[in-house]
Amino acid sequence: MKRLALVAMLGLAAAMPVQAQTVVKHLHITSIPAEVELMNSIAAEFMAANPDIKIELPFLENEAFKAKLTTLLQSADAPDVFHSWGGGVFYEQAAAGVLRPVEDVLSDEAKANIGTAGVSAFTAPDGHMYGVARDVSEVVLWYNKALFEQAGVDPASMSDWDGFLAGVQKFKDAGITPIAIGAKDKWPAHFWWSKLVIRLAGKDGFDAAARGEGDGFAGEDFVKAGDYFLQLSALDPWQEGFLAASYGDASGLFGDGKAAMHLMGDWDYGAMKDNSANKAGIPDDQLGILPFPTIEGGKGDPTDTLGGLGGVLFSKNASDAAVKWIEFFNSPEQQAKYAKEAYYIPIAKGAADVMTNPFKVQIGKDISGAHWHALFFDQALGPNVGGVVNDISAELAGNSMSAEEAAEMIKEAVDDSL
Amino acid sequence: MASIATGADVGAVAGSRKRRLFERNSLPALLLFLPPALILFSLFVVLPMVDAATFSFFDWNGYGPITDFVGFENYADVLTHRNFGTAVRNSLIVVVVSLVVQLPLAMWCAIALSERGVHINVLRTLFFLPFMLAEVAAGLIWNFVYDGNYGLLPAIGDAIGVDMPFVLGDKFWVIPAIMLVITWKYFGFHMMIFIAGLQSIPSEVIEAARLDGVKRWQIVRHIKIPMIRSAIVISVFFAITGALQLFDLIIPLSNGGPSHSSHTIVTFLYQFGILRMKLGFGGAISVILFIACVIVALAYRRILFKVEQN
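Each protein sequence line maps, in turn, to chains S and X. Just so we're aligned, residue 771 is where the first sequence starts under the working numbering, counting upward by one. Just so we're aligned, residue 20 is where the second sequence starts under the working numbering, counting upward by one.
Worth flagging that the hints you see were computed from the coordinates, not collected in a lab. Any given hint could turn out to be false.
Quick list of simulated restraints, FRET-style, between CB atoms [as the list claims (entries may be wrong)]:
#1 X:Gln-264 with S:Glu-1103: 44 to 54 Å
#2 X:Ile-175 with S:Ile-799: 32 to 42 Å
#3 S:Asp-943 with X:Phe-163: 57 to 67 Å
#4 X:Val-181 with S:Ala-846: 49 to 59 Å
#5 S:Ile-799 with X:Leu-98: 33 to 43 Å
#6 X:Gln-264 with S:Ala-846: 57 to 67 Å
#7 X:Phe-163 with S:Gly-933: 21 to 31 Å
Now the stretches of chain S that chain X is said to cover, found in silico as 3 or more residues with beta-carbon under 8 Å [said to hold, decoys possible]:
#8 832-842
#9 858-869
#10 1002-1012
#11 1089-1095
Think of the CB as a built atom: it goes at the ideal place given N, C-alpha and C, for glycine as much as any other residue.
Just need the whole structure built from these sequences, with the hints factored in.
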């Protein structure tokens, strides 16, 4: 036994390279095992070509990541590269000087690769570019075709709000849970509020409110968004115990075929399978995407989408090696692997062309054809206002707050942070 | 904590102790042994406290230098926050439940299990086990127990034909559910303190009482409980301060929800101070909590002192 250990140690020593390696820590939030495997293999390929660089891929779960990042970025243990949803949180990090501007290091090729939308998403108000866009995502209304048939609901009848409510009622009458929601985590609930705001207030209304102009988020359209949300909540459309359900619970419930709809990002296509009891989820031919119901008189453009433009940011002490790694990781060649497996929709030029998954292809078209691709509101508005938006959304889902009060609370938070 | 219990004696002996220190010329020893503890204490207790108190007067999001002085605005914001009252109420409920339910239960178990014997040891270990579990692990376990779809609770409900609510998603049931976990988790700890106290009672006293024909209950009431008074004093103090600082059980259980109805003061601080990146606001909460704890400690000492004199 002892001898074995000795041999193993000698082996390790021999395998260790002599020259010092630059370590690049890339903090990610990928939890699907096969996707992590893919990331590891890309890192291995990169390290084989660059023996002087060592890539480490530490993982933090979504919620833990958000909670830990502020402290982490200001500690000696800060990652070189980390996941980001862009928006208000990114701007605060940039303003605080915890990020490294990379516009001079990043190759023109890498910039062209992510396009103007990708560059501007990771350029802070100070004009510096601090990161690289990786993927686009969209929040869509997933639905289970089998359950629609069972309840006798025609998906086409749900294209406007009244039709949508009528459809939800039909599911209730048929004893089927109409909608899965992970309201314990709150952000899944805020998608409903966001989609309603996008329909009712549109880009101009939202931007003005975020700047605190006029009545801000206490304005008419935002109160209306709350009212429409409450109309839905009044039908009790969610699964039993939805206030105690996390995103994962809701995703699993939908994946198990126990709820007819789930308003969630395109990533739920994979996550819904992973969270389901049999790990297979809803088969592709039973799964569909409903357009979010339109609202008469709404100021939003019908093509408007809600979602993300995610990527990675470089922390203050990131080395050039970190930039080199991300250029490699984000190259169309590598990103095509993600597209092929339908983990997400890469922004890298041409990478998404290999996508065969019909849902991801449709979502990719939605986003590129959108008049406004609204960033997740809780990220776009920053942690404090975003937190309040999440709070009131969970309250509205639980039918425990008036629309006026909800709108007023967001306005207060905005005024407070201006 | 022990220093609180014996605090009354400290003043009396302080004078003579000081003299002794210099007489024996123990200054070298003092210089040698005090710094490590003092440095660690200052670095990890005093300094952060001063820091938090400083933030509480600034508007600060956690990044960069602290410059935006706002006076007492954070304090005003805390006191008028719509969820702060709930958090305080919940913390007080935890204190009350700890004192009224948990400690009597612990005492009852301690008295029943203070004898020696194999089966008693097994039971004792069993009751102490929850205390040894990490808080987060315990919280997750109970999260599964309470889960309305696949948990133990709805399974029991089904077996007896009662439709159980999703307790952690229910504004009313979430607090009792958490109280049950707290009691389950910590009564073993207090039981152990009481057992240690009970075992230090000389057996002659009990025997003499028994020979005099004193009944079992009277032995408990008039001999055992009065004789482990100091253990009770410590337990009560632990229960109160522990309740005021309760955090890590709540996070995995309910995360303060639904609708922020199950926050304690500390989870409230974490949610609205840390996660929302309003560290000045968080600092103000921590100062308020600190003052509350100091008041409790001083009041407790004073009450004990009075009782002692009577």
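Hint by hint, here is what the structure shows:
1. The hint said 44 to 54 Å for the Cβ distance between Gln-264 of chain X and Glu-1103 of chain S, and at roughly 53 Å that hint holds.
2. Between Ile-175 of chain X and Ile-799 of chain S the C-beta distance comes to about 37 Å, which sits within the given range of 32 to 42 Å.
3. For Asp-943 of chain S paired with Phe-163 of chain X, a C-beta distance near 33 Å fails the hint of 57 to 67 Å.
4. For the pair Val-181 of chain X and Ala-846 of chain S, the supplied restraint of 49 to 59 Å holds, since their beta-carbon distance comes to about 55 Å.
5. At roughly 36 Å, the beta carbons of Ile-799 of chain S and Leu-98 of chain X sit within the given window of 33 to 43 Å.
6. Roughly 29 Å separates the CB atoms of Gln-264 of chain X and Ala-846 of chain S, a value that falls outside the hinted 57 to 67 Å.
7. Phe-163 of chain X and Gly-933 of chain S have their C-beta atoms about 39 Å apart, which leaves the hinted 21 to 31 Å range violated.
8. Three residues within the 8 Å Cβ limit are the bar, and the stretch 832-842 of chain S against chain X gives 4, so the coverage statement holds.
9. With a cut-off of 8 Å between beta carbons, the stretch 858-869 of chain S has 6 residues touching chain X; three or more are needed, and the interface restraint holds.
10. Counting residues of the stretch 1002-1012 of chain S whose C-beta lies closer than 8 Å to any C-beta of chain X gives 3; at least three are required, and the coverage claim holds.
11. With 0 residues carrying a beta carbon less than 8 Å from a beta carbon of chain X, the stretch 1089-1095 of chain S misses the three-residue requirement, and the given coverage is violated.
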